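Chemist: The numbering of the sequence shown is the numbering used here, which starts it at 31 and goes up by one.
If you are wondering where the hints come from, they were derived from the structure by calculation, not from laboratory data. Please read all numbers here as calculations on a predicted model, not as lab measurements. Virtual Cβ for every residue (Gly too), placed ideally from N, Cα, C. Treat the hints with caution; some may be incorrect.
[Claimed, not checked] Taking CB as the label site, the calculated pair distances span:
hint, residue 1, residue 2, range
1, A235, D174, 37 to 45 Å
2, L117, H146, 15 to 23 Å
3, R232, T144, 46 to 54 Å
4, E87, A235, 50 to 58 Å
[As the list claims (entries may be wrong)] Here are the computed lysine to any residue pairs in the SDA-like style, where the Cα-Cα straight-line distance is at most 25 Å:
hint, residue 1, residue 2
5, K86, G97
6, K86, L57
7, K86, R123
8, K86, L117
9, K86, R96
10, K86, R118
11, K86, I128
12, K86, V121
13, K86, R74
14, K86, I130
15, K86, R75
16, K86, L99
17, K86, S114
18, K86, R98
19, K86, L76
20, K86, A101
21, K86, T59
22, K86, E100
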Amino acid sequence: MSPVPRPRPPRCTALGWFVAGRMLRSLHTIATTVQHISATNLHRRLAIGGPDDELKELGDTFDSLRGRLEASFRPQRQFVANASHELRTPVARQRTLIQIALADPEATAASLRTAHERVLTTNQQQEQLIEALLTLARSHAGLDRREPFDLARLTDHVLLAHETEAARRGVQLATTLDPAPTAGDPRIAERLVTNLMDNALRYNADAGRIEVTTATDAGYAKLTVTNTGRPIPASEVGRLFQPFRRLGPNRTRRDGGLGLGLSIVHAIATAHDAAVTAHPRRTAASRSPSSSRWGAGRVTMCALTTRRRGGNRNEWR
31 MSPVPRPRPP RCTALGWFVA GRMLRSLHTI ATTVQHISAT NLHRRLAIGG
81 PDDELKELGD TFDSLRGRLE ASFRPQRQFV ANASHELRTP VARQRTLIQI
131 ALADPEATAA SLRTAHERVL TTNQQQEQLI EALLTLARSH AGLDRREPFD
181 LARLTDHVLL AHETEAARRG VQLATTLDPA PTAGDPRIAE RLVTNLMDNA
231 LRYNADAGRI EVTTATDAGY AKLTVTNTGR PIPASEVGRL FQPFRRLGPN
281 RTRRDGGLGL GLSIVHAIAT AHDAAVTAHP RRTAASRSPS SSRWGAGRVT
331 MCALTTRRRG GNRNEWR
């Protein structure tokens, strides 16, 4: 008796097994990759091949998400590395000063006092750096309070505090402070204006000039600070607001800057839903299209408007 032949599965069944197997393999790849996601392997990609179906679209979307996450983690890691280096430098300098003073067998009260003063100066620089880092962290966290204030009056208060330093450097201050009502935290907004003024003074030419204006335009309060600083390549202007960026060989910690001033400005502006931009100022001193004087820093904030709706009522716009 001959064996009964086994029935062949229909072609549609075989095709179904193939499609289901491919789908399950792709889903397994996605699930396994998701389970092993960490900050150290964001560079890995699914790279699912095959036809442009829903699974490939899902895989491509996931790869795009990991790419954006990797791009966001990269500057954070760089910031931590830079902050660690900046904090370690004054600590090492303090230790060196103390060791030199202790190792001197002929140390006198005067020499020890000088060493102590140098250690104290280094300690003050470290405190300034820590305070700047804390301010940057608080700004990234957003606003705890929001109240109306006039950006013009706040700027005028900051300018009064900078008049002595401007006179010492021979820098001329020119101001046009029109009312600029806005809303936010006036305490950290004052830090924003202070940092802009500090930067405009520190990186200015001898006997230079600073122009400060406030105004309201199309419902926005605007602050513009312009100085006559050294030329900076136009391609590097966008990097001014990155932490620990000191552009050019003349920008070092010796000039008193920490490399955090403008990054704090950017963080405070972002916390206020404001825009901050920098523009190279074209002058006759510019020798090439890629080299121009950086002069204009502009902050645009939402303005406070008053409208009548069944009575007097303040609204934010």
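Chemist: Work down the list of hints and note, for each, if the structure agrees.
Modeler: Against the structure, the hints come out as follows:
A hinted range of 37 to 45 Å for the beta carbons of A235 and D174 is consistent with their spacing of about 39 Å. Checked against the hint of 15 to 23 Å, the pair L117 and H146 passes, with Cβ atoms roughly 21 Å apart. Judged by the Cβ atoms, the range 46 to 54 Å given for R232 and T144 is violated: they are separated by roughly 27 Å. Checked against the hint of 50 to 58 Å, the C-beta distance between E87 and A235 comes to roughly 56 Å, which is consistent with it.
Between the alpha carbons of K86 and G97 the distance comes to roughly 16 Å, so the proposed pair stays at or under 25 Å and holds. Restraint check: the Cα-Cα separation between K86 and L57 comes to about 10 Å, which is no more than 25 Å; the hinted pair holds. At roughly 56 Å between alpha-carbon atoms, K86 and R123 are farther apart than 25 Å, so this suggested pair is violated. Only pairs whose Cα atoms come within 25 Å are accepted, and K86 paired with L117 is rejected, the gap being roughly 46 Å.
A hinted pair counts as satisfied when its Cα atoms are at most 25 Å apart, and K86 with R96 qualifies at roughly 15 Å. For the hint pairing K86 with R118, the CA-to-CA distance comes to about 47 Å; that exceeds 25 Å, so the pair is violated. Simply put, K86 and I128 have alpha-carbon atoms about 63 Å apart, too far for the 25 Å limit, and the pair is violated. Restraint check for K86 and V121: the C-alpha separation of about 53 Å exceeds 25 Å, so the hint is violated.
Taking the CA atoms of K86 and R74, the gap is near 16 Å; set against the 25 Å cutoff, the hint holds. Only pairs whose Cα atoms come within 25 Å are accepted, and K86 paired with I130 is rejected, the gap being roughly 65 Å. Between K86 and R75, the direct Cα distance comes to roughly 12 Å. Compliance with the 25 Å bound is thereby established for this hinted pair. About 20 Å separates the Cα atoms of K86 and L99, which keeps this hinted pair within 25 Å; it holds.
Taking the CA atoms of K86 and S114, the gap is near 42 Å; set against the 25 Å cutoff, the hint is violated. Only pairs whose Cα atoms come within 25 Å are accepted, and K86 paired with R98 is accepted, the gap being roughly 18 Å. Annotation: proposed proximity of K86 to L76 holds, straight-line Cα distance about 10 Å (limit 25 Å). Distance hint between K86 and A101 is fulfilled; the C-alpha atoms sit about 22 Å from each other, no more than 25 Å.
Using a Cα cut-off of 25 Å, the hinted pair K86 and T59 holds, with the two alpha carbons roughly 12 Å apart. Straight-line distance between C-alpha atoms of K86 and E100 comes to about 21 Å, which keeps the hinted pair within the 25 Å bound.
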